[in-house]
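Please put together the full structure from these sequences, using the hints given.
Taken in order, these protein sequences are the chains called R and H. Each residue of the first sequence is one higher than the last, beginning at 1351 in this note's numbering. Each residue of the second sequence is one higher than the last, beginning at 1351 in this note's numbering.
By construction, these hints were calculated from the structure, which means they are not laboratory data. Treat the hints loosely; a few may be bogus.
No copy labels: a pair is met if it fits in one copy or bridges any two.
To be verified - Straight-line alpha carbon distances no greater than 25 angstroms define the calculated DSS-like cross-link-like pairs of lysine-lysine that follow:
id, residue 1, residue 2
1, Lys-1581, Lys-1557
2, Lys-1740, Lys-1788
3, Lys-1557, Lys-1805
4, Lys-1388, Lys-1804
5, Lys-1375, Lys-1526
6, Lys-1422, Lys-1375
7, Lys-1377, Lys-1422
8, Lys-1804, Lys-1565
9, Lys-1377, Lys-1804
10, Lys-1377, Lys-1764
11, Lys-1422, Lys-1581
Nothing here was measured: the structure is a model prediction, and the numbers come from that model.
2 protein chains.
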Amino acid sequence: MDDIDWRPDPSLPIPLYRQIEEFMKRKIAGGEWTVGMKLPSQRDLAAAFQVNRSTLVTALEQLTSQGYIAGKSGGGTTIIHHQPERQEEAPPPPNWNAYVEDGVHYPNLPTIQTINRMEFDPEIIRLGTGELSPELLPQRQLQQLFAELARQHVPLGYEEALGSYALRSQVSAHLKTIGIAAPPSAILIVSGSLQAFQLISAGLLEKGSAMLLEKPSYLYSIHAFQSAGMKLIGLPMDESGLQLSHVERFKRQYDASLLYTIPTFHNPTGAIMGEARRRELLQTSRRIGLPILEDGAYEELWFDDEALPPPLRALDMHGQVLYVGTMSKVVSPGLRIGWVVGPQPVIERLADIKMQTDYGSSSLSQAAAAEWFGAGLHAEHCRVIRRQLKERRDCMLRLLDAHWSDFATWNTPKGGFYIWVTLHAEISMAALFERALKRGILINPGYIYDRSAKKQLRLSYSYASFSEMESSVRQLAALIGQLGNHLR
Amino acid sequence: MDDIDWRPDPSLPIPLYRQIEEFMKRKIAGGEWTVGMKLPSQRDLAAAFQVNRSTLVTALEQLTSQGYIAGKSGGGTTIIHHQPERQEEAPPPPNWNAYVEDGVHYPNLPTIQTINRMEFDPEIIRLGTGELSPELLPQRQLQQLFAELARQHVPLGYEEALGSYALRSQVSAHLKTIGIAAPPSAILIVSGSLQAFQLISAGLLEKGSAMLLEKPSYLYSIHAFQSAGMKLIGLPMDESGLQLSHVERFKRQYDASLLYTIPTFHNPTGAIMGEARRRELLQTSRRIGLPILEDGAYEELWFDDEALPPPLRALDMHGQVLYVGTMSKVVSPGLRIGWVVGPQPVIERLADIKMQTDYGSSSLSQAAAAEWFGAGLHAEHCRVIRRQLKERRDCMLRLLDAHWSDFATWNTPKGGFYIWVTLHAEISMAALFERALKRGILINPGYIYDRSAKKQLRLSYSYASFSEMESSVRQLAALIGQLGNHLR
Ligand SMILES: Cc1ncc(COP(=O)(O)O)c(C=O)c1O
Ligand SMILES: Cc1ncc(COP(=O)(O)O)c(C=O)c1O
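Structure follows, in structure tokens:
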């Protein structure tokens, strides 16, 4: 126990004593600090953690009251939790930490784990969050819809492998409105599009397969594919989305099996691929035999009335495209409802794996989603959301113009949630992330989406309120200024 | 296209022409039969499929009306779906079937795929299904609960990584009633216990790890662990559950990382591990350093008032046991809500992977589950279910006594859903499965749960109605008699 090389992190908005308490519990629960062990003196512990004596005492009091440790009358403090029956010969509890390190699945990046955790702090300003603000969610309509469900016979049993037929029919009709023809038998209901990616990597791709994708991309920020042993090969982008010039060479060079793309309101750059490039991509994909995985998460969130290019899947005459959609970005992420559209053998294979994975998605969510589309609530809701998101985008652009134009450039997204900002000069993004967090502002650094994107960050106008946007864009400008000073 | 070695299966209750239609669509969609190909003559096709000409014609008419094929004026039929722009140089659509075969995840056994599919045929008698009959589900109470939710503010956003705090608090209180002490921070909400197993195999176990488990076991019937590269090592059982004599040797021999057990109302045998053996198992596990994964799916479904032995987790003083529970077997499988209880680093690791896998479980289901426990509906519902399941068990036992005692033996389960039947002589279980299916009866052959269980089948009294039990137990007796005749 002598060499404690961990310290609480004052940049986190969690009290230091709580961080210490959690750290020590982990050591004990994980079997690293075993029962009967004596703790170092309070003075030494406080020094090791680099905190005040009083902070340490508060942490120890917490642990004492929860029965992890006890003061001995002769002085000193001892670990007493999980008291073994016969101390002398009792082996330590299993070393779960070794198990935690053994799994084949990669942990999330620390920055992402912090983001995931901090997003549930009600005080934080979420300037990076890829989610509709609660006030934009159709709370009222969904409450009504639940009342409606309460009058019906909600299915409570296990669902069909493809998902409830009622929902698949509704999704089929919905897809028609964006130009995609898909009968219910070509649709698999999933628990959000993220699950679709998991199923595809487990069910369709060989271990070690390479997948081409935009760089930066949403997919770099999760480890589903990497953990399944996939290699992700980034394609450069311009304002019209991924550049086609590298596709063929990379496909050959890496023997790629699939091309993943977010052609409409790309995450994180907000870019949209024009129709000409879509057609060219389909042609290339066909010629070189590289199927496409199209992510349409933001498809419906356009701001201007000019016609959007159709989804790749709508232009696909040859079964080259697997299409993934979701209710998360327009209706409600909490429903955890998405869908995959594709050739029947693929859909059935994915359905079989889904049965092995979780026996299908929540029937309650499926019933609510079917009711949402069936009651015709979707089109009107989209209209409202588009107008409000556009106002939010405009507000964010005005703020950036006013406060950031000296040191950064950005795009003007025509839909979706994101503005991709590039600073003129490189600063430590990790430091910016931490200093912003200290001030209660959560941002998404570009390196989450592309390790080499050191001057970028993704701002989102979908979540924070107008006044939060204002105050945080200002504060960030100051922080960036401080961090960049030594560069000037 | 000359050598079609597939035939429609007359034992399936799907019309032959539909099976042919599906088969041909798959060939076309999968790129095996390419556009422009001429089909063999109707006579030859009918012969290849071994069906009447009229059956074949019906199938071809279906395909024609859906635009897959067209009759040529000069005679003959051609595949026209996915008409390429320039026929001469157009490559075929991607060969999705190759992708389907490439995935790292194993497909379900054909028998299990058939079961999964046939369970949704409303005409079928489900004598093997591990699910409460719809009339036993708390439909009325849940409808009321949805009405209640409609008056509240249902969370619609992404949920915390561990799951909603409200639900974790309720689960914590619920676990206390079965003797398990777990604060909300030691609980991870999952989309059914099956997902917990997926997360554990991805997050805690090295590729190629060995896991000890009962033989037979529920876990052999899904491929989650095998697909993740785990080796499953079966331990022999007696009436008191898994035998301990082999645990230590197998742990050493296979370097096992985990022992999976269903100590209470085991699936498929219905066995229950006595308290003495539980304590001994914990001691052994501790001594040899083999943590336990305890599956408590049927824990609450006891029929008699004698005290049940406590869960292993309740007896565990040293953090050796990961406990998994679910709402599926008692309340509603469609909710897809379960939980994992364990040491904090393990729970946090699993939560991180869950975020990468599906961003959490349906908030709607979580809200409904929290409301279910919070409203105090659980205890009364359990009382009702136990009484009804006991009556069903007694009915099934009487039927077996009357019709099966000449050729089989079985146990008397004290809870849960299942009776594990052993025939005196070996017959072809695959043939019994098929012949029963032809008569509209779905059974679960023992080999799903243990490849060597050739004389066993799992009967369930939880799903079929009393009259369905009666007629199917009778019919099965006759079928088993026929299949066994040549053995006598
Ligand atoms: C491009 C894209 N696809 C998919 C998702 C995942 O959404 P869900 O799993 O909630 O459907 C997101 C969410 O951030 C996204 O940005
Ligand atoms: C022993 C056991 N565990 C777990 C499950 C899976 O239940 P769920 O994923 O619905 O919680 C089952 C279902 O058959 C089971 O029998």
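Checking an output row: Lys-1377 and Lys-1422, CA cutoff 25 angstroms. Within, between, both or neither? within (20 angstroms within a copy, 76 angstroms between copies)
At most 25 angstroms between C-alpha atoms: does Lys-1375 with Lys-1526 qualify within a copy, between copies, both, or neither? Only across copies: Lys-1375 and Lys-1526 sit 21 angstroms apart there, 54 angstroms inside one copy, limit 25 angstroms.
Intra- versus inter-copy proximity for Lys-1565 and Lys-1804 (alpha-carbon distance at most 25 angstroms): within (13 angstroms within a copy, 54 angstroms between copies)
Measure nothing new, just compare the shortest in-copy and cross-copy C-alpha distances for Lys-1377 and Lys-1764 to 25 angstroms and report within, between, both or neither. For Lys-1377 and Lys-1764, neither the intra-copy (50 angstroms) nor the inter-copy (41 angstroms) Cα distance is at most 25 angstroms.
How would you classify Lys-1422 and Lys-1375 at a CA-CA limit of 25 angstroms: within, between, both, or neither? Answer is within: at 19 angstroms inside a copy they meet the 25 angstroms cutoff, but 76 angstroms across does not.
Given a CA cutoff of 25 angstroms, do Lys-1557 and Lys-1805 count as a within-copy pair, a between-copy pair, both, or neither? neither (33 angstroms within a copy, 38 angstroms between copies)
My question is about Lys-1377 and Lys-1804: at a cut-off of 25 angstroms on alpha-carbon distance, are they close within one copy, between copies, both, or neither? This pair counts as neither: shortest intra-copy Cα distance 35 angstroms, inter-copy 48 angstroms.
How do Lys-1581 and Lys-1557 come out at 25 angstroms by Cα distance, when the copy is not named: within, between, both, or neither? both (9 angstroms within a copy, 18 angstroms between copies)
I want to check one pair: Lys-1422 and Lys-1581. Are their C-alpha atoms no more than 25 angstroms apart within a copy, between two copies, both, or neither? neither (55 angstroms within a copy, 47 angstroms between copies)
How do Lys-1388 and Lys-1804 come out at 25 angstroms by Cα distance, when the copy is not named: within, between, both, or neither? neither (45 angstroms within a copy, 57 angstroms between copies)
Which holds for Lys-1740 with Lys-1788 at a C-alpha limit of 25 angstroms: within a copy, between copies, both or neither? Result: close neither inside a copy nor across copies, 30 angstroms intra and 59 angstroms inter.
Checked against the numbered hints above, the structure breaks hints 2, 3, 4, 9, 10 and 11 and satisfies the rest.
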